[in-house]
Amino acid sequence: MSNTKEKALRAKDKSAALGPDLDLERFSRDSRPWPSCPVSSLPEDILQQSSNVGIRPDEKDRAGTYFQIDHSVVFQSVQKPFEGQVEIMSTKEAFEKYNRLKEYWWRLIAVDTDKYTALAELNWDYGYFLRVLEGQKVTLPLQSCLFVSKDNLNQNIHNIIIAEPNSEVQIITGCAVHSNVQRGLHVGISEFYIKERAKLTFTMIHNWAQNFDVRPRTAALVEDNATFVNNYVCLKPVKSLQMYPAAYCKGTNSRVRFNNILYGTRDAYLDVGSKVVLQGGGSRGEVIARAIASDSAQIYARGLLVGEHKDSKAHLECRGLLASDTASIHAIPELLGKVSGTDLSHEAAVGKIVEDQIQYLMARGFSEDEAESLIVRGFMDVSIFGLPDSLRDEIKKMIDATTERAL
Amino acid sequence: MNILKLENLSVEVAGRTVLEDVNLEIPRGEVHVLFGPNGSGKTSLIMAILGFSSYRVVSGKIWFNEIDITRMPINERVKLGIGVAFQNPPAIRGVKLGDIVRVFIGSGMDAGQRQLELTKTLNLPSEFLSRDLNLGFSGGELKRSEILQVLAQKPCFVMLDEPDSGVDVENLGLVGKALDSFLKERSGLLITHLGYILRYVDADKAHVLFDKTIACSGKTTEILSHILNEGYKWCEKCPILRKRLYERRINLPL
Numbered sequence: 001m002s003n004t005k006e007k008a009l010r011a012k013d014k015s016a017a018l019g020p021d022l023d024l025e026r027f028s029r030d031s032r033p034w035p036s037c038p039v040s041s042l043p044e045d046i047l048q049q050s051s052n053v054g055i056r057p058d059e060k061d062r063a064g065t066y067f068q069i070d071h072s073v074v075f076q077s078v079q080k081p082f083e084g085q086v087e088i089m090s091t092k093e094a095f096e097k098y099n100r101l102k103e104y105w106w107r108l109i110a111v112d113t114d115k116y117t118a119l120a121e122l123n124w125d126y127g128y129f130l131r132v133l134e135g136q137k138v139t140l141p142l143q144s145c146l147f148v149s150k151d152n153l154n155q156n157i158h159n160i161i162i163a164e165p166n167s168e169v170q171i172i173t174g175c176a177v178h179s180n181v182q183r184g185l186h187v188g189i190s191e192f193y194i195k196e197r198a199k200l201t202f203t204m205i206h207n208w209a210q211n212f213d214v215r216p217r218t219a220a221l222v223e224d225n226a227t228f229v230n231n232y233v234c235l236k237p238v239k240s241l242q243m244y245p246a247a248y249c250k251g252t253n254s255r256v257r258f259n260n261i262l263y264g265t266r267d268a269y270l271d272v273g274s275k276v277v278l279q280g281g282g283s284r285g286e287v288i289a290r291a292i293a294s295d296s297a298q299i300y301a302r303g304l305l306v307g308e309h310k311d312s313k314a315h316l317e318c319r320g321l322l323a324s325d326t327a328s329i330h331a332i333p334e335l336l337g338k339v340s341g342t343d344l345s346h347e348a349a350v351g352k353i354v355e356d357q358i359q360y361l362m363a364r365g366f367s368e369d370e371a372e373s374l375i376v377r378g379f380m381d382v383s384i385f386g387l388p389d390s391l392r393d394e395i396k397k398m399i400d401a402t403t404e405r406a407l
Numbered sequence: 408m409n410i411l412k413l414e415n416l417s418v419e420v421a422g423r424t425v426l427e428d429v430n431l432e433i434p435r436g437e438v439h440v441l442f443g444p445n446g447s448g449k450t451s452l453i454m455a456i457l458g459f460s461s462y463r464v465v466s467g468k469i470w471f472n473e474i475d476i477t478r479m480p481i482n483e484r485v486k487l488g489i490g491v492a493f494q495n496p497p498a499i500r501g502v503k504l505g506d507i508v509r510v511f512i513g514s515g516m517d518a519g520q521r522q523l524e525l526t527k528t529l530n531l532p533s534e535f536l537s538r539d540l541n542l543g544f545s546g547g548e549l550k551r552s553e554i555l556q557v558l559a560q561k562p563c564f565v566m567l568d569e570p571d572s573g574v575d576v577e578n579l580g581l582v583g584k585a586l587d588s589f590l591k592e593r594s595g596l597l598i599t600h601l602g603y604i605l606r607y608v609d610a611d612k613a614h615v616l617f618d619k620t621i622a623c624s625g626k627t628t629e630i631l632s633h634i635l636n637e638g639y640k641w642c643e644k645c646p647i648l649r650k651r652l653y654e655r656r657i658n659l660p661l
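Protein chains in written order, with this note's numbering: chain Z, 1 to 407; chain D, 408 to 661.
Just so you know, these hints were derived from the structure itself, not from any lab.
Note that beta-carbon positions come from the ideal geometry of N, C-alpha and C, so glycine has one too.
Hints are supplied without guarantee of correctness; some may be wrong.
[Unchecked claim] Each pair of labels, with its calculated beta carbon distance range:
id, chain 1, residue 1, chain 2, residue 2, range
1, D, Asn530, Z, Glu103, 57 to 65 angstroms
2, Z, Asp325, D, Arg435, 39 to 47 angstroms
3, D, Arg463, Z, Lys352, 19 to 27 angstroms
4, Z, Lys137, D, Leu542, 32 to 40 angstroms
Make the full structure from the sequences, and use the hints.
Next comes the structure, spelled out in structure tokens:
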């Protein structure tokens with residue numbers, strides 16, 4: 001047995017450091033295989049759910065697509081004009097093609113971190129391999145969808161994303177479930193490699209179900225003069241979501257930015273952090289989090305900035321909006337300076353919607369409900385993501401539609 | 408006919424009386440000025456007319472175009488044709504000035520053109536419309552953004568709370584001229600501390616709010632010259648006010 005497997009076996013009962021502990025036995029591993037087919041010929045309800053998380057079934061305005069349902073890869077393709085610029089395939093296929101893939105596999109995340117990383121190793125259900133070739137600036141976003149169609153299913157994804165030197169790419173990943181799905185567990189391992197002077201913007205949108213549990217494990221390595229932007233949006237109820245993605249700014253002048261928009265409704269439990277480790281000279285980090293908690297949602301908005309180089313700087317900003325008296329937002333910003341010269345700062349604010357703001361908007365003719373929804377939508381301003389206009393407008397529309405229904 | 412009539416209006420904020428027995432009538436088509444020292448209740452009066460919840464009307468009535476609006480929600484009053492430029496508007500993150508202006512202007516074919524014209528009138532860059540509302544605006548920008556919203560709304564009655572404070576000389580002329588032509592066929596209530604805006608805008612009548620109530624009313628030029636010459640010490644000589652103060656003193660519990 002391989003060393004990795006052994007480690008995973010040893011960690012298979014190891015609780016995670018954060019979040020409610022889950023009994024893995026209660027989830028099902030049985031899924032029926034889905035045949036591969038063009039995205040547009042998938043059932044209408046699946047298309048609808050996936051378009052709610054930013055997936056274009058017609059593949060218009062997208063450079064390439066990866067679509068996985070349950071444990072099956074149903075579609076993977078690069079659009080003609082982008083062939084030779086990017087590669088998209090399942091990680092299983094990538095292993096067959098590239099012997100070197102093992103150098104990237106479980107390199108940034110330890111397989112024995114907790115029972116979820118162990119589970120992803122022991123019961124691995126594909127995931128995507130996205131690689132942007134050296135010097136390629138991909139003008140349209142790549143899209144990937146991870147879909148769960150069966151109730152109470154456990155899906156374990158392991159993704160590898162590589163931006164080769166001097167490349168540039170936007171990736172949008174949507175995770176969604178079928179409307180029949182109530183419960184389930186999604187574990188997603190993502191390892192990002194952003195090489196010299198590359199720029200990777202990753203936008204992930206989650207739409208889970210009310211009794212669904214989610215445990216992503218993400219880490220990124222950012223090399224010299226490279227930039228990693230990680231955007232995350234979660235708008236729909238989820239039973240529990242716990243993640244604490246980390247970016248290691250190892251390179252000189254490496255840049256990382258985390259932007260999170262969390263909207264907790266009903267009895268959602270969201271524990272979302274962002275960790276930035278500044279290791280290179282001139283490395284810079286920024287974490288921006290917006291959290292709205294309504295009904296009896298509980299949100300933990302964490303952040304950890306670690307300064308390990310004397311010329312490094314990072315800032316963390318967390319704003320929480322409480323829309324109900326039974327909801328809670330716990331902002332936990334942490335700064336860890338290890339050398340003099342590192343410059344770390346944070347600001348955090350949690351409060352309710354200010355009556356003055358509502359009444360001000362009412363004095364402009366908006367009704368009380370309209371004013372509140374305008375403020376909430378404004379609070380989740382996607383312009384913080386730094387996306388190209390068209391993608392920003394798409395995501396804004398999605399957020400507007402979701403919040404309009406929810407409010 | 409009066410566009411606005413306040414009848415024995417008394418208002419409390421957090422249990423403290425801020426306005427007492429205020430009577431005021433503004434006939435349709437007239438612009439009135441409200442003077443008064445700091446803390447006399449000028450802004451409270453505007454907030455009460457608008458219906459802000461922390462300004463509780465304890466007694467009296469507010470009539471707008473002969474409709475009793477005393478208990479009406481803010482937005483319904485606004486829909487009747489009340490506009491306001493606030494003195495200290497709150498900053499709202501993520502809500503753009505353009506979001507509000509668009510509601511007034513609509514999305515017709517000439518909407519974009521009209522937005523640009525408005526920003527030009529007030530010497531604001533067009534990018535201003537995509538900035539977060541009042542966030543990091545300078546004092547002068549705040550005033551102009553408030554006035555821009557009023558110009559877009561085109562209400563028949565407009566309340567302007569110190570539109571001239573914090574505006575530099577150059578922009579004061581712009582703001583003044585814009586307001587003057589805007590007020591030509593409208594009614595309004597104008598609060599000003601030092602009266603700069605009156606160089607550009609004609610007011611039909613002036614009132615002095617002193618010690619929570621309207622102490623006197625009269626010709627704008629006369630009242631302004633008294634205030635500029637003597638300050639609000641002038642009001643302390645007023646027999647009506649002296650009587651009020653005296654009565655209050657003897658009514659104090661022993």
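Here's how the hints hold up against the structure:
The hinted window of 57 to 65 angstroms between Asn530 (chain D) and Glu103 (chain Z) holds, with their beta carbons roughly 60 angstroms apart. Checked against the given bound of 39 to 47 angstroms, the beta carbons of Asp325 (chain Z) and Arg435 (chain D), roughly 46 angstroms apart, stay inside it. For Arg463 (chain D) paired with Lys352 (chain Z), a C-beta distance near 21 angstroms keeps the hint of 19 to 27 angstroms intact. Between Lys137 (chain Z) and Leu542 (chain D) the CB atoms are about 34 angstroms apart, so this pair conforms to the stated range of 32 to 40 angstroms.
Comparing the model with each earlier hint shows no violations; every hint is respected.
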